[in-house]
Structure formats: C-alpha cells, structure tokens
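Numbering (our numbering), first residue to last: 45 to 151.
Simulated from the structure, these hints should not be mistaken for laboratory data.
Hints should not be assumed to be uniformly reliable.
As the list claims (entries may be wrong) - Pair ranges (Cβ atoms, derived):
| hint | residue 1 | residue 2 | range |
| --- | --- | --- | --- |
| 1 | G129 | D86 | 42 to 50 Å |
| 2 | G119 | C93 | 52 to 60 Å |
| 3 | K139 | G118 | 27 to 35 Å |
| 4 | T56 | K94 | 40 to 48 Å |
| 5 | I121 | N146 | 18 to 26 Å |
| 6 | K95 | M53 | 51 to 59 Å |
| 7 | I121 | Q145 | 30 to 38 Å |
| 8 | G150 | I124 | 35 to 43 Å |
| 9 | C93 | H136 | 13 to 21 Å |
| 10 | A107 | N146 | 25 to 33 Å |
| 11 | R85 | T56 | 40 to 48 Å |
As the list claims (entries may be wrong) - In silico SDA-like cross-links for lysine to any residue, where the CA-CA straight-line distance does not exceed 25 Å:
| hint | residue 1 | residue 2 |
| --- | --- | --- |
| 12 | K140 | C93 |
| 13 | K139 | A104 |
| 14 | K95 | H136 |
Ideal Cβ positions, reconstructed from N, Cα and C, are used throughout, including at glycine.
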Amino acid sequence: MRKLLILAMLATTTTTVAIGPVGVASAQERRYDRDREYRGRDRRYYQNCKKSSGTTGLVAGGAGGALAGNLLGGGTIGTIAGGVGGALLGKHLDKKHDAAQNRKNGC
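Given these sequences and hints, build the entire structure.
Encoded structure:
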C-alpha cells in the first residue's frame, strides 16, 4: 500500500512538472488585440493594423443624408438623393479615419 501511494505521488509530480513549462511558453505566443505588435505562430512579429469596410459610415451617413435630403429637398427624390450622397460620404470618412489611425499607430 505504501509503495502504491509513493508511486501515485511520484506520477502526479512528474506530470505536473512536464506540463507546467509548456503552458507558459504557449501563453507568451498568444496574440492580444490591444497590442500594436504581436508574435505569430511562425515566430514573426506582425503589426495590428485595422482595415475597415466602411459599413458603419455607410449606414450612418445614409440615414443622416436621407433625413437631411428630406428636410432640404422634400419628397422622395430629395430623400433618395440625400441618402445616397450621405452613404458615400460616410463610407469615405470611415475609411479615412481608419487610415489616419493606422498612420498614428505606425502601420
């Protein structure tokens, strides 16, 4: 019984020692989204640059443009023209903002 207990304690100790350092090494290679640079699985450094599709600006600009077009032009034509113009302007400004952020971050 005593030999079995010693053997079980020895097996637990060796398993813990063998698994311990592996967890630390893999934790260091993780990518963190808030970091400007991260190290990938191939051990190279990459920069965390963002590229927007401009969808947020498209939707917000379209809604704002439609409201402004309705107030200024009145009717269906003014609303549609304002929505299209606002959507294009909003998408452009959204992409321009991301490009400025990337320059600021050194990308």
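### Query
Which of the stated hints cannot be reconciled with the structure, identified by number in ascending sequence?
2, 5, 11
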